[in-house]
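These protein sequence lines are chains A and B, in that order. Counting from 1, one number per residue, gives the positions in the first sequence under this note's numbering. Counting from 219, one number per residue, gives the positions in the second sequence under this note's numbering.
Keep in mind the hints are simulated off the structure, nothing from the lab. Computed from a prediction, not measured in an experiment: that's the story for all the values here. Note that beta-carbon positions come from the ideal geometry of N, C-alpha and C, so glycine has one too. Some hints here could point you the wrong way.
[As the list claims (entries may be wrong)] A short list of chain B residues far from chain A (calculated; beta carbon distances all over 12 angstroms):
hint, residue
1, Arg368
2, Ile399
3, Glu449
[Stated by the list, open to error] Here are a few chain A residues that face chain B, going by a calculated C-beta distance under 10 angstroms:
hint, residue
4, Gln117
5, Ala120
6, Ala121
7, Ala123
8, Gly124
9, His134
10, Leu205
11, Leu209
12, Asn211
13, Leu213
[Claimed, not checked] Label pairs and their computed distance ranges (CB to CB):
hint, chain 1, residue 1, chain 2, residue 2, range
14, A, Gln22, B, Lys293, 45 to 53 angstroms
15, B, Gly246, A, His58, 51 to 59 angstroms
16, A, Ala29, B, Ala244, 54 to 62 angstroms
17, A, His58, B, Glu389, 39 to 47 angstroms
18, A, Gln111, B, Ala288, 27 to 35 angstroms
19, B, Lys329, A, Thr88, 43 to 51 angstroms
20, A, Val154, B, Pro231, 39 to 47 angstroms
21, B, Arg453, A, Leu55, 49 to 57 angstroms
22, A, Leu40, B, Ser255, 47 to 55 angstroms
23, A, Gln111, B, Gly246, 38 to 46 angstroms
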Amino acid sequence: MDLSVIFRNFDFMFGGLILTFQLAVISIAGGLLLGIFLALARLSARPWLYYPATLYIHFFRGLPLILVIFWLYFLVPVVTGKAMDEFTAAVVSFIAFEAAYFAEIIRAGIQSISTGQTMAAYAGGLTFFQCARHVILPQALRNMTPALVTQAVVIFQDTSLAYVIGLREFLRRVNLVDAREARSVELYLFAGLIYFLFCSAGAVLSRRLENCLQRDWA
Amino acid sequence: MIEIKNVSLWYGPRHQVLYGIDETIAKGQTVVICGPSGSGKSSLLRCINGLSRFQSGEIIVDGVSVLDPATNIHKLRSNIGMVFQHFELYPHMTALDNITLAPIRVRKKSKSEAEKKAMEILERVGIPEQARKHPAALSGGQQQRVAIARALAMEPAIMLFDEPTSALDPEMIKEVLDVMIDLAREGMTMVVVTHEMGFARKVAHKIIFMDNGRVVEKGDGQAFFEHPENERTRRFLNRILI
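Model the full assembly from the supplied sequences, consistent with the hints where possible.
Right, here's the structure in full:
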């Protein structure tokens, strides 16, 4: 064991970790936003909203993420004639892909609230949006917090796939350091520890959030 | 006044729930609807405030047609209070917030004004001390009284009750019925789906017996209980009056 290899290359690898976080944060935010709209469309009674959303979700859930990244990076420029930089291609792939998973979590969360709640809100004269904002979403959000956080953690891990189109995120940089220094054991154990730490932090945060949302009711 | 004219309702293309219901409920009347489960009582109730969209016929509430596209359904509903079998209180809000949500969001009242009014109503249903609790911390009877308070906070012209005591333990039924009896005596227009025949005897101006989506028999309290004309009504009454 020679742990000095980690300290010698710390700045280089840390730079990758920042890129990993950028990828993850943008993808989670974008995926969540797109996922909310997809989920609402999938819950809609209007066929022109329901069918495209359903098709989209099934389509992306039926593909490996790495293929989506390849498509976006190699195929889209062929079609549009414009090259896409690696970061954009990766982020768009992640958002497009993860939105399908977020959408299903959100849909299930909304459907877990009984229709009686909607009826009670409507009976009081509330509109669709008032009912969603004040009655359904606050309850649904609590129910879906664990699944949403899990999915966010999965995205954080999935960002390592961006290396296939040449993005030098955290794991890719560890890999590069290993190619130079030939210290696989130390480096990959270190990489594992870093992923483990951040993902565990996510899990702890999720539990905190649930307790916080749950304190008064149920 | 509620005018129900030849209303038929289907759930899906084949499953007909209501068959040409005709009924008029005058202002200040209390009407009790009873009948076996699946007879369409609750569905009829939900048609009155447009929660169920019936396919044929018309319902006119205080001169406004419920399903007319020109009708502001939210405004109409805000004048019709509704109380549900399973309370349907919002579990993430305190009793007080449950009551003030619609007055603040729909009637655009200020928070303080809405809360003042809410406390008055909680006083009236006998549980002002529960205002700051969440529904989960209340007994069934208290929850249902909060639900009644929530409906009353909109100062509705009409109150609909959908089996309001069916989910309650026996010792809590009375506290809810007492509130309803008071309301009826104060002249509220009420449509009550219930099997509480004691309540019906006391305050109902009219009792409607439904079976298989049709009105089988109706009458004022006395006639209905003492000389039911229809065989189906007689059997039903025998069973629930023990």
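Structure-based check of all given hints:
{"no.": "1", "hint": "Arg368", "in the structure": "7 angstroms, violated"}
{"no.": "2", "hint": "Ile399", "in the structure": "22 angstroms, holds"}
{"no.": "3", "hint": "Glu449", "in the structure": "35 angstroms, holds"}
{"no.": "4", "hint": "Gln117", "in the structure": "6 angstroms, holds"}
{"no.": "5", "hint": "Ala120", "in the structure": "4 angstroms, holds"}
{"no.": "6", "hint": "Ala121", "in the structure": "8 angstroms, holds"}
{"no.": "7", "hint": "Ala123", "in the structure": "4 angstroms, holds"}
{"no.": "8", "hint": "Gly124", "in the structure": "4 angstroms, holds"}
{"no.": "9", "hint": "His134", "in the structure": "6 angstroms, holds"}
{"no.": "10", "hint": "Leu205", "in the structure": "21 angstroms, violated"}
{"no.": "11", "hint": "Leu209", "in the structure": "14 angstroms, violated"}
{"no.": "12", "hint": "Asn211", "in the structure": "14 angstroms, violated"}
{"no.": "13", "hint": "Leu213", "in the structure": "8 angstroms, holds"}
{"no.": "14", "hint": "Gln22(A) to Lys293(B): 45 to 53 angstroms", "in the structure": "49 angstroms, holds"}
{"no.": "15", "hint": "Gly246(B) to His58(A): 51 to 59 angstroms", "in the structure": "56 angstroms, holds"}
{"no.": "16", "hint": "Ala29(A) to Ala244(B): 54 to 62 angstroms", "in the structure": "57 angstroms, holds"}
{"no.": "17", "hint": "His58(A) to Glu389(B): 39 to 47 angstroms", "in the structure": "52 angstroms, violated"}
{"no.": "18", "hint": "Gln111(A) to Ala288(B): 27 to 35 angstroms", "in the structure": "32 angstroms, holds"}
{"no.": "19", "hint": "Lys329(B) to Thr88(A): 43 to 51 angstroms", "in the structure": "46 angstroms, holds"}
{"no.": "20", "hint": "Val154(A) to Pro231(B): 39 to 47 angstroms", "in the structure": "42 angstroms, holds"}
{"no.": "21", "hint": "Arg453(B) to Leu55(A): 49 to 57 angstroms", "in the structure": "53 angstroms, holds"}
{"no.": "22", "hint": "Leu40(A) to Ser255(B): 47 to 55 angstroms", "in the structure": "34 angstroms, violated"}
{"no.": "23", "hint": "Gln111(A) to Gly246(B): 38 to 46 angstroms", "in the structure": "41 angstroms, holds"}
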